[in-house]
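S.K.: Which chain is which? The protein sequence lines are C and A, in order. Residue numbers for the first sequence follow this note's numbering, beginning at 1335 and rising by one. Residue numbers for the second sequence follow this note's numbering, beginning at 345 and rising by one.
Treat the hints as calculated values from the structure; they're not laboratory data. Note that the Cβ used here is the ideal one computed from N, Cα and C, for glycine as well. Do not rely on the hints blindly, as some may be mistaken.
In silico lysine-lysine, DSBU-like type, Cα no more than 30 Å apart, as pairs [stated by the list, open to error]: (1) A:LYS409 / A:LYS501; (2) C:LYS1615 / A:LYS409; (3) C:LYS1536 / C:LYS1575; (4) C:LYS1615 / A:LYS418; (5) A:LYS754 / C:LYS1615; (6) A:LYS610 / A:LYS479; (7) A:LYS565 / A:LYS501; (8) C:LYS1561 / C:LYS1615; (9) A:LYS748 / A:LYS409; (10) A:LYS563 / C:LYS1615; (11) A:LYS414 / C:LYS1615; (12) A:LYS607 / A:LYS565; (13) C:LYS1575 / C:LYS1527; (14) A:LYS479 / A:LYS535.
Derived Cβ-Cβ restraints for the label pairs, each shown as a range [said to hold, decoys possible]: (15) A:GLY413 / C:GLU1573: 47 to 53 Å; (16) C:ARG1448 / A:ASN625: 27 to 33 Å; (17) A:ILE388 / C:GLY1472: 32 to 38 Å; (18) C:ASN1484 / A:LEU722: 40 to 46 Å; (19) C:SER1542 / A:THR502: 25 to 31 Å; (20) A:ARG385 / C:ASN1484: 38 to 44 Å; (21) A:ASP394 / C:ASN1460: 47 to 53 Å; (22) C:SER1478 / A:GLY413: 44 to 50 Å; (23) A:LEU722 / C:GLU1394: 41 to 47 Å; (24) C:GLU1573 / A:GLU556: 55 to 61 Å.
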Amino acid sequence: MIHSRPTFALNGFIMALALCVAACSGAPLRYESPERVGFTARAVTQEQGAFRVRAAVPGEAETERLFGLPLYEGGVQPVWLEVTNRDVHRARLVLSSIDPDYFPPYEVAYTHRRQVSGQDLPVLENYLFEQALPRQIGPGETVSGFVFTNASNGTKAFNVDIYSGSGVTDFEQFTFFVDVPGFVPDHAEIDFKSLYSEDNIKKLDINSLRTFLNTIPTRASNREGTKSGRPIQSFFIAEGKDVLRALLRAGWNETSYRRDEEYLADADYLFGRPPDAIFSKGRSKTTERLEIGLWLAPARVGEKLLWVVQFKHALGRRFAIGDRFLGVPLDPNSTQGRDFVLQDLWYAQSIDRWAWSQSGEIVSAQTPATDLHGNDWFSNDEYRAVIWIAGDPVALGNAEYVVWSRYPGNGGETP
Amino acid sequence: MTHERRKLLGALLSIALVSILVSACASAPSPVASMPEGDFRQRIVTQEVDGVRVSAGVPSAQESKALFGKPLYKRGIQPVWLKIENERDLPVSFLPVGLDPMFYSASEVAFIDQPESRAPVSLASRFFVDQAMQKLMVQPGDELSGFIFTRLDEGTKTFNVDLLDAERFTSLTFFIPVPGLAIDHYNVDWKNLYAEDEWVELDTERLIETLEGFACCVKDKSGENTGDPLNLVLIGTPRDVYTAFIRAGWDETESVTRASAWKTFKSFVSGGEYRYSPVSNLYVFDRPQDVAFQRARENIHERNHLRLWMSRATYQGLPVWVGQISRDIGVRFTRKTITTHKIDPNVDETREFLLENLGYAQSLKAFGYTGGVGAVPLEEPRGNLTGDPWFTDGYRLVLWISPKPAPISKLEFLPWRMPHE
């Protein structure tokens, strides 16, 4: 059993050691200006209403140059913003909208105090305080600075909310998806354009889609195609970038698993290859318990791409970032996993439309199927969710239900 | 081929996910939750809306262990029992992700403490699967009951039960006190805090004057030494204040007992989490705080602390509170208290965080500022009772608590004093 926390005694020892080290460590401070580090050249610009916002996220190495400290190692990721207020009123930027658990500059300084000498701590505090983004922006003013957020893997997704006027009457919300250097997500290594030749891509409308989904296997397989793997529970219909945005908005992280021989030998295969992209999500920033695997299908629905989706839920252990779901116990209840993904995306306002496709299989809990790694799984009904993904948020009540089949469960009519 | 599209509901529910679009929850001044007692079946709370009745109960740590044979609370898991009765003429779906976006599946709970088991569809897990909510849809005239395994919140458990049918989306909010903690506000006799003739109702002008006349800072027990600035004012009933903070993700605070002292020590040494850790007493109106809330990150070393004292003043019939908020940014050693939290010296930053936090949790009706602390510049900071420096623009943030969830677009600004001009 891997416990989620080191033992009591061990912690006491580590703490004593830390105190001892603290007494004798500390390097001189060294930091470089944002201009010198140069990452602001990558800034993404958006304009809405009376505001212009530029955003950039320095990578791990750039951050160390900026602040002289390995902030990423401590779970802190600076986000740089420049905000111009063209309004005649004062505006207020909501720091919590970028990360509700952001770190204020004095906290960043204090938690890194052991890495600087005693007399340098006030210097560090002042430096971070000066570099922090202010909340208030006067009329006609431009401000810039850093917000210290909780570090995440891959593309950084965040909102920036700005209120202006004397109260909170005028409101603009910006949503950013910013690339961060130093992390190459798995999907960036796949040349999606060359996966299929144009002749082999089926052109579907909503009716032919229904029939086509029956041809997609109900389970993945091993590399040789000789054994059956985990079930295929859902389909997404969307451009790749919209799938990415929708999943990021729902709190999923990109992964960058190395496609080495061990991985290739053990993975679930569909269309003769392992998933084109895997996203993960956990209960805290150091645990990853849920995974979504995506395969691009050789079909297009109207102008949109069709993605085949497999959901996995690992049980009972803590995963470090980068751990793979190979040979770990998985939740056997496939139906529940499918429903979770549907609800998760719905709450994240990422569903434009959805439907049930009667193209799956029933596998009873009493006589479960077995996956490539000896895990049992079962499926209470034969329905697979078909989700038209919304790139931009869709209000909860505005997601449309497309009636194809009776709703799973209780033999009920459609909801 | 039937290709029929149906709009689920046209109503605008655009605001970000979760919780917040809530109905229910009490409004009129009423007592805060009292110490819960008895079996969880006796503590079941029922709410009804548009023909759907939802009952909910939360077993304590001990009850959960007895029910499931495993120390679920110790593993961070809290079972919530639900019964949904559908009197509508449409099937109603329950959305567990709305109750806890990262709830635990029954198999996952079954798997706890049994890592060797490679096949969770075993007899052991059947038990949990049977106890759990099996289906998500309730037919007309039917009912559904079972447990949902959620992430642990001691003190008061708050959650939404979201229901969806072809015509509407309904969300009910529950606040259920759970036994097991010695929560500080259980011991406060709110009704007798002041004698009947001591309360003073104030108009706006006199309220501002009174607020600016309060002491700048908290004191120690002797009343001789001053500490952190009193940088908050709240307007609202005890019940509304409590609900507002719980909804915004704040935890209640345990009173100092032998058990809570041990938990604090353990958490300090292990760096682990003790979200309800007692806070030291600071004094205003010659008494320690009436209630304290805290909002933790990942460990005790980083959390926000907030203490409140109810004053004798009322405004539009509502109690006026004075308070102090600071953010702990680490732990350090002192001669006097051995260890203490190091606070962020920029106390205005923490104050503004609270405004955003409560505003986004839809807990505020209005906000504004008054003077009263006096400006303390960065270059000449003052010290709190444990010697931590702080500086401020000298303003008090006034937070008028909304008795029911209020969208941030409706938040009013009270133009009393303008700190940022």
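S.K.: Now look at each hint and say whether the structure bears it out.
M.R.: Hints and how they fare:
Proximity of LYS409 of chain A to LYS501 of chain A is assessed by CA-CA distance (about 18 Å); at most 30 Å being required, the pair is judged to hold. Proposed proximity of LYS1615 of chain C and LYS409 of chain A is supported: the alpha carbons are some 28 Å apart, at most 30 Å. Simply put, LYS1536 of chain C and LYS1575 of chain C have alpha-carbon atoms about 21 Å apart, close enough for the 30 Å limit, and the pair holds. Distance restraint check for LYS1615 of chain C and LYS418 of chain A: the Cα-Cα separation of roughly 23 Å lies within the 30 Å cut-off, and the hinted pair is therefore satisfied.
With a CA separation close to 34 Å, the supplied pair LYS754 of chain A and LYS1615 of chain C exceeds the 30 Å bound. Note on LYS610 of chain A and LYS479 of chain A: the hinted pairing is violated, with a Cα-Cα distance of about 41 Å set against a maximum of 30 Å. Between LYS565 of chain A and LYS501 of chain A the alpha-carbon distance is near 33 Å, which puts this suggested pair outside the 30 Å criterion. The hinted pair formed by LYS1561 of chain C and LYS1615 of chain C meets the criterion: a straight-line CA distance of about 28 Å does not exceed 30 Å.
Proximity of LYS748 of chain A to LYS409 of chain A is assessed by CA-CA distance (about 35 Å); at most 30 Å being required, the pair is judged violated. Of the pairs offered as hints, the one joining LYS563 of chain A and LYS1615 of chain C is violated, with about 46 Å between alpha carbons and a cut-off of 30 Å exceeded. Between the alpha carbons of LYS414 of chain A and LYS1615 of chain C the distance comes to roughly 26 Å, so the proposed pair stays at or under 30 Å and holds. With a C-alpha separation of about 25 Å, the suggested pair LYS607 of chain A and LYS565 of chain A falls inside the 30 Å cut-off, and the hint holds.
For the given pair, LYS1575 of chain C sits about 14 Å from LYS1527 of chain C by alpha-carbon distance, which is consistent with the 30 Å threshold. For a cut-off of 30 Å, the pair hint linking LYS479 of chain A to LYS535 of chain A is broken: about 45 Å separates their Cα positions. For the pair GLY413 of chain A and GLU1573 of chain C, the beta carbons lie near 49 Å from each other, so the given range of 47 to 53 Å is met. For ARG1448 of chain C and ASN625 of chain A, the Cβ-Cβ distance of about 31 Å falls inside the hinted range of 27 to 33 Å, so the restraint holds.
Range check, ILE388 of chain A to GLY1472 of chain C: about 54 Å between beta-carbon atoms, so the 32 to 38 Å window is missed. Distance hint check for ASN1484 of chain C and LEU722 of chain A: the Cβ-Cβ separation is about 27 Å, which falls outside the suggested range of 40 to 46 Å. Remark: the range hint 25 to 31 Å for SER1542 of chain C to THR502 of chain A is contradicted by a beta-carbon distance near 47 Å. Range check, ARG385 of chain A to ASN1484 of chain C: about 40 Å between beta-carbon atoms, so the 38 to 44 Å window is met.
A C-beta distance of roughly 57 Å is found between ASP394 of chain A and ASN1460 of chain C, which places it outside the suggested range of 47 to 53 Å. About 57 Å separates the C-beta atoms of SER1478 of chain C and GLY413 of chain A, a value inconsistent with the hinted range of 44 to 50 Å. In this structure, LEU722 of chain A and GLU1394 of chain C break the distance hint of 41 to 47 Å, their C-beta atoms being roughly 31 Å apart. Taking 55 to 61 Å as the suggested C-beta distance range, the pair GLU1573 of chain C and GLU556 of chain A conforms, at roughly 57 Å.
Checked against the numbered hints given earlier, the structure breaks hints 5, 6, 7, 9, 10, 14, 17, 18, 19, 21, 22, 23 and satisfies all the rest.
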